[in-house]
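J.: Order-wise, the sequence lines are chains A and B.
Take the first sequence: its letters are residues 1 to 310, numbered as in this note's numbering.
Take the second sequence: its letters are residues 311 to 547, numbered as in this note's numbering.
To be clear, the hints were calculated from the coordinates, so they are not data collected in a lab.
Wrong hints could be hidden among the right ones.
[As the list claims (entries may be wrong)] With a straight-line Cα cutoff of 20 Å, these simulated DMTMM-like cross-link-like pairs (lysine to aspartate or glutamate) come out:
no.: 1; chain 1: A; residue 1: Lys175; chain 2: A; residue 2: Asp188
no.: 2; chain 1: B; residue 1: Lys336; chain 2: B; residue 2: Glu492
no.: 3; chain 1: A; residue 1: Lys175; chain 2: B; residue 2: Asp416
no.: 4; chain 1: B; residue 1: Lys488; chain 2: B; residue 2: Glu430
no.: 5; chain 1: B; residue 1: Lys438; chain 2: B; residue 2: Glu423
no.: 6; chain 1: B; residue 1: Lys379; chain 2: A; residue 2: Asp186
no.: 7; chain 1: A; residue 1: Lys175; chain 2: B; residue 2: Glu367
no.: 8; chain 1: B; residue 1: Lys373; chain 2: B; residue 2: Asp416
no.: 9; chain 1: B; residue 1: Lys489; chain 2: B; residue 2: Glu430
no.: 10; chain 1: B; residue 1: Lys443; chain 2: A; residue 2: Asp196
no.: 11; chain 1: B; residue 1: Lys438; chain 2: B; residue 2: Glu492
no.: 12; chain 1: B; residue 1: Lys386; chain 2: A; residue 2: Asp188
no.: 13; chain 1: B; residue 1: Lys427; chain 2: B; residue 2: Glu464
no.: 14; chain 1: B; residue 1: Lys443; chain 2: A; residue 2: Asp186
no.: 15; chain 1: B; residue 1: Lys443; chain 2: A; residue 2: Asp295
no.: 16; chain 1: A; residue 1: Lys175; chain 2: B; residue 2: Asp439
no.: 17; chain 1: B; residue 1: Lys386; chain 2: A; residue 2: Asp196
no.: 18; chain 1: B; residue 1: Lys379; chain 2: B; residue 2: Glu423
no.: 19; chain 1: B; residue 1: Lys443; chain 2: B; residue 2: Glu464
no.: 20; chain 1: B; residue 1: Lys336; chain 2: B; residue 2: Glu544
no.: 21; chain 1: B; residue 1: Lys371; chain 2: B; residue 2: Asp439
no.: 22; chain 1: B; residue 1: Lys386; chain 2: B; residue 2: Glu335
no.: 23; chain 1: A; residue 1: Lys199; chain 2: A; residue 2: Asp188
no.: 24; chain 1: A; residue 1: Lys199; chain 2: B; residue 2: Asp416
no.: 25; chain 1: B; residue 1: Lys489; chain 2: B; residue 2: Asp512
no.: 26; chain 1: B; residue 1: Lys379; chain 2: A; residue 2: Asp196
no.: 27; chain 1: B; residue 1: Lys443; chain 2: A; residue 2: Glu299
no.: 28; chain 1: B; residue 1: Lys379; chain 2: A; residue 2: Asp295
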Amino acid sequence: MESKRQFKDLIPWLILVVLALVPLIERNPYILHMMIMVFIWICLGQSWNLLGGFTGQVSFGHATFYGVGAYSAGLLYFHKEISTWYGMFLGPLMAMVFAVPLGLICFRLRGAYFALAMLALAEVLRLVATNWISFTNGAVGILIVPIAGKVFYYYMALALAAVSFYVIYRVVNSKWGYYFVAIREDQDAAESMGIDTTKYKLLSLLISAFFTGLAGAFYMNYLAFIDPHVVFSLVDVSIMMILVVMLGGAGTLYGPAIGAVIMVILSEVFRSYFGHANLLILGILIIFIIVFIPDGVIEIRRFLKRRTYA
Amino acid sequence: MLEVRNLTKYFGGLGAVRNLSFEVEKGQIFGLIGPNGSGKTTVFNLINGFYSPTSGEILFKGKPITGFKPNVICRKGIARTFQVVKPLSRMTVLENVMASAFCRVDSLNIAKEEALKTLEFCSLIHRKDYLAKSLTIGDRKRLEIARAIATRPEIILLDETAAGLNPTELDQAIALIKKIREQGVTILIVEHIMRVIMSISDRIHAINYGQTIAEGTPQEVANNKAVIEAYLGEAYA
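Working from the sequences, and respecting the hints, build out all of it.
T.: Printed below as a string of structure tokens:
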């Protein structure tokens, strides 16, 4: 039992080592690109999952933080010719700056307010970024010259995924994590257990915004091009984040990682086979998830041999 | 220890609690009784901070706590259970109680230790790894109590802990409440089942339509004309 457990604790490290060795063998840029996208989506999935899956605060507009992160990096270069790498510091901070007032207002309330406010904020920012041409360069977007090769970005992305995974793992297994889940399960009970629900919902949002902003800033560096419709996208970012988590398993640690792998591959396949109809397929997939695997892929095993307690 | 002064709560035009005053002394088991809809749970929600009163004051250890948020009131040392139990369904029993224990400690290991002790105390230790949603109603009520105790309260508000229990479970519940008092925790209890309330309370406060109708020892209240009238109707009084 004990040795089995120790082996289980080692698995994430083994995966990390294997992933770190991949570029030594595989140099195909397309494969490396796919893996980089998977890593970005693991970070995004973990971020959304902390807030939506563990804390129970569903956000329909996490593109807000993604876009703010990406634009923080892009605008540094656009206005001041400062390297977009500094955006990796500025991006997450700016995402948190946007998160604070929204959280303070919405988390006093319960129900759909937060989800809808996020949706609205992301759309507002997309429109601002499109139309405030003097500041954001509008729909033309921001283009930079990438400074490094694929392998370098591969390791950066791997670090991004690993750090977000580890931090969220630590958070979930701490007082904060217990508080987040308690809030998800019953806010009245949580309050009467001495949990300041507004404060802890805000903390969860801040961590979530931080890593989403970080992923956004990295995206700017890696793809070297952003425009408002890419980074503030409702479907390609906000909804996709929810899908990654739902498909993998909300409120679990490994769920978003599994979801990220599947979704990145699926959306690549959909895009190449179905062209513009890929959204249609995505919609069918959502229905499929909700009907057949509401707890996500990670719970399939438990679903097959459903034997819970008592 | 806990004093309620001229407490009044209106929901629109309905006076759920009107001009209610009572005082719970340290170490007491203080019973609050009244027919259905008489405002007992509203009183709890007022003390616990879910509602803020229309007028009146609530004092805890001599200091006003009126209008504080529930989490602040809990950290001051007033814990409660819910009549309609609120288990954190998708957490295990142990995790439920740990989340509560974090009220006083920050470390995961200490919280776990405390939670295990609390579960032992509430005779719920054999269910520690069960998901809260899979518990029977008796165990759920017990979990409510365990969670309240884990916040290390000085006073605990029990809202109909005995409702829906079978006779065996009822005896166990009574024993548990007495055991809690032996730990030096003051108890304010709302209860419908007379067998429970009469056998454990030191003092009973009876209300109807949100107003006081009697207060005294269990015997005094049981023989009070207004109480009998409220429960059984005028013909029996």
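J.: Are the hints correct? Go through all of them and say.
T.: Now for the hints, and whether the structure bears them out:
1. Among the hinted pairs, A/Lys175 with A/Asp188 is consistent with the structure: their alpha-carbon atoms are about 18 Å apart, no more than 20 Å.
2. Taken as a hint, the B/Lys336 and B/Glu492 pair is honoured in the structure, with Cα atoms around 12 Å apart against an allowance of 20 Å.
3. Between A/Lys175 and B/Asp416, the direct Cα distance comes to roughly 6 Å. Compliance with the 20 Å bound is thereby established for this hinted pair.
4. As the CA atoms of B/Lys488 and B/Glu430 are separated by approximately 16 Å, the hinted pair is consistent with the 20 Å bound.
5. For the given pair, B/Lys438 sits about 12 Å from B/Glu423 by alpha-carbon distance, which is consistent with the 20 Å threshold.
6. In summary, the hint linking B/Lys379 to A/Asp186 is supported, as the alpha carbons are separated by about 16 Å, within the 20 Å threshold.
7. Taken as a hint, the A/Lys175 and B/Glu367 pair is broken in the structure, with Cα atoms around 34 Å apart against an allowance of 20 Å.
8. Between B/Lys373 and B/Asp416 the CA atoms are separated by roughly 27 Å; this puts the pair beyond 20 Å, and the hint is violated.
9. Pair hint B/Lys489 plus B/Glu430 holds up; C-alpha atoms about 12 Å apart against a cutoff of 20 Å.
10. With a C-alpha separation of about 24 Å, the suggested pairing of B/Lys443 with A/Asp196 is violated against the 20 Å cut-off.
11. For the suggested pair B/Lys438 and B/Glu492, the alpha carbons sit about 24 Å apart, so the restraint of at most 20 Å is broken.
12. For the given pair, B/Lys386 sits about 17 Å from A/Asp188 by alpha-carbon distance, which is consistent with the 20 Å threshold.
13. Taken as a hint, the B/Lys427 and B/Glu464 pair is honoured in the structure, with Cα atoms around 18 Å apart against an allowance of 20 Å.
14. For the suggested pair B/Lys443 and A/Asp186, the alpha carbons sit about 12 Å apart, so the restraint of at most 20 Å is met.
15. Of the pairs offered as hints, the one joining B/Lys443 and A/Asp295 holds, with about 16 Å between alpha carbons and a cut-off of 20 Å not exceeded.
16. Distance hint between A/Lys175 and B/Asp439 is fulfilled; the C-alpha atoms sit about 19 Å from each other, no more than 20 Å.
17. A C-alpha spacing of about 13 Å is found between B/Lys386 and A/Asp196, which places the hinted pair at or below 20 Å, so the restraint holds.
18. Restraint check for B/Lys379 and B/Glu423: the C-alpha separation of about 28 Å exceeds 20 Å, so the hint is violated.
19. About 28 Å separates the Cα atoms of B/Lys443 and B/Glu464, which puts this hinted pair outside 20 Å; it is violated.
20. Proposed proximity of B/Lys336 and B/Glu544 is contradicted: the alpha carbons are some 36 Å apart, above 20 Å.
21. Note on B/Lys371 and B/Asp439: the hinted pairing is violated, with a Cα-Cα distance of about 37 Å set against a maximum of 20 Å.
22. Under the criterion of a C-alpha separation no larger than 20 Å, the hint pairing B/Lys386 with B/Glu335 is consistent with the structure, at around 17 Å.
23. Under the criterion of a C-alpha separation no larger than 20 Å, the hint pairing A/Lys199 with A/Asp188 is consistent with the structure, at around 14 Å.
24. For the suggested pair A/Lys199 and B/Asp416, the alpha carbons sit about 16 Å apart, so the restraint of at most 20 Å is met.
25. Pair hint B/Lys489 plus B/Asp512 holds up; C-alpha atoms about 15 Å apart against a cutoff of 20 Å.
26. Straight-line distance between C-alpha atoms of B/Lys379 and A/Asp196 comes to about 9 Å, which keeps the hinted pair within the 20 Å bound.
27. A threshold of 20 Å between alpha carbons decides the hint, and for B/Lys443 with A/Glu299 the separation of about 18 Å falls inside it, so the pair holds.
28. Using a Cα cut-off of 20 Å, the hinted pair B/Lys379 and A/Asp295 is violated, with the two alpha carbons roughly 34 Å apart.
This entry does not satisfy hints 7, 8, 10, 11, 18, 19, 20, 21, 28, going by the numbered hints stated previously.
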